[in-house]
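Spelled out, the chains give:
There are 2 protein chains.
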Amino acid sequence: MEAYSQIILASRPKGPPTLRAFRLETAPSPAPAEGQLLLKTTYRSLDPYMRGRMNDAESYAPPVEVGGVMEGEVIAEVVQSRHPAYRGGELVQAKIGWRTHAAVAPEQVEQVETGNNPPSTALGVLGMPGFTAYSGMKVIGQPRPGETVVVAAASGPVGSLVGQLAKLAGARAVGIAGGSAKCAYVRDQLGFDAVIDYRAQGLARALAAACPDGIDVYFENVGGPIWEAVLPLLNRYARVPVCGLVAYYNGEIPQDETRISRTMITVLRRSLLIRGFINTEFVPDHYESFLKELSSLVAYGKIHYREDITEGLASAPEAFIGMLSGRNFGKTLVHVS
Amino acid sequence: MEAYSQIILASRPKGPPTLRAFRLETAPSPAPAEGQLLLKTTYRSLDPYMRGRMNDAESYAPPVEVGGVMEGEVIAEVVQSRHPAYRGGELVQAKIGWRTHAAVAPEQVEQVETGNNPPSTALGVLGMPGFTAYSGMKVIGQPRPGETVVVAAASGPVGSLVGQLAKLAGARAVGIAGGSAKCAYVRDQLGFDAVIDYRAQGLARALAAACPDGIDVYFENVGGPIWEAVLPLLNRYARVPVCGLVAYYNGEIPQDETRISRTMITVLRRSLLIRGFINTEFVPDHYESFLKELSSLVAYGKIHYREDITEGLASAPEAFIGMLSGRNFGKTLVHVS
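Chains as they are written, first to last, in my numbering: chain A, 27 to 363; chain B, 27 to 363.
Worth flagging that the hints you see were computed from the coordinates, not collected in a lab.
Do not take every clue at face value.
For chains that are exact copies, the list does not tell them apart, and a pair is met inside one copy or across any two.
[Claimed, not checked] Calculated cross-link-like contacts (lysine-lysine; reagent style DSS-like; alpha-carbon spacing at most 27 Å): (1) K328 <-> K164; (2) K121 <-> K40; (3) K66 <-> K164; (4) K318 <-> K121; (5) K66 <-> K193; (6) K66 <-> K121; (7) K193 <-> K318; (8) K318 <-> K164; (9) K328 <-> K193; (10) K164 <-> K193; (11) K40 <-> K164; (12) K318 <-> K328.
In this text, all values refer to a predicted model and were calculated from it rather than measured experimentally.
Please construct the entire structure, taking both the sequences and the accompanying hints into account.
Given below as structure tokens:
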């Protein structure tokens, strides 16, 4: 006879969770209704985002209720099918939470699509973590040959793929990982060009040494001191896809970091795009249409403008100083002659 | 007889510049060589970015030397032409600095292209400030009908155009300006939907009230307390083009703001792109190719992955806790049955 069990969020942890945050309990025996499937978990995925669901705070998904089953995805076997499209013994993917068993409708399950690879990869390199790395690099990071790509948690499911995709794109991959075993794996097995052990002293200096040409793509999944070390090394037009901020998931933000952390946490929670620019960058593609459209809009009074004009070159410093403190009213100009 | 004069950077200011930072001096009489033009400034542009050039610090352009002429663009009249393509009396644009006159080669001047509009607009709405607003909105902000666009310095050359372009795109425009005259201009003349006087109390509350549906585009040209007020109101997928950070140009960053400011200043100086994302956003466009490409790469050993598998659902909490503190080594999985 099977043990039906599940893991409950017993209490919301403050800081790093301890075992007291969880409770293993016997689950009700799941009875699939007509048209449903009875699933038995084969592989349960554990992912950093789940720490966020344990907090009663804004995030990109609602929190788990205290007393509720911990959420997340599994690979499961269909042990009983009451639906004609499924047979017992089939493997599927589903979000049934931290349970050994669940009765679900067919709409709640997906095929395990891993080609010739083991089914467990559907939770890792061929699943959500892999796709996070892939899409973040494809859509945002866009590494080019010769560029330098940095990623932390480099031996993990996201970081390991980020670095390998960087290499496949012809870029240099620099990883950050904790401890010599992980660092050796990242360098020797994954083929990163350099790896830094963040537990060793001097992260900022080691990172600068590993990135002599600066950083073009920083794939952000950690935050905290690693972001602080990366920031000064970012090259112009660097891209920083932000997919996670594990350093802050426990809710412990050092006081002097609260403001920067709030910015980055908001970037993540709301999928913000922040982009510095100097207008000259866009001149080749957009200046001609700008001048054409705006000249006409201004001439026809569809766009208003205002000028704040002072007389004589000698007035320039005072006008400039006034402008900086907001005493100007419109575009500041000096009429010289 | 004409007075030839120029304004020199006399000393690097600490904090807000005073008149002592500048020196008006008689300039050498400029003598155009064969093939050159003698220009006489008609309009001198004053722009916030010039404050940055007064500092001896990293920025997107080198600083003005102490003792050097302050830099920037003018509209000037050709008063003497020693080049066949130019005639006396013509108006041109050129970067001759804060001078009344300059002798320049034709390659250093540009046509004044303002259509039927006054030549001074080539320094404002139809020049660099206008194009900054236009390109930042076109390339990064991309306001859509019904969205809310916020911009500070809303009566200035950049902000006024940002808001009007937002309106033309069918979005709501919310401006921030200092004092009742500017606020009235922004609302009544420029047609913004709402305007907030940042000198009045309660910026954060007033901004929240003016943006009941949150903020979709914040055109950042100020930084400081305004960024702090905007951040909590940004909607998911909000865009924040950053073209300036006037609040920090004087180099006075409150201690508790240094870290967030360093992030934003770096975003600006290096034209960084920071973009939060949750992978689900990219599923429709990219999931199919991800699975196809990666399945093959993994199967052929071109991409490596690693799994850290513990046994039994009861081990999940400990594995999860360990993963959060980096004790896992690869994708964390629980093998349940």
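Contradicted hints - numbers only: When the structure is compared with the hints, numbers 3, 5 and 11 turn out to be violated.
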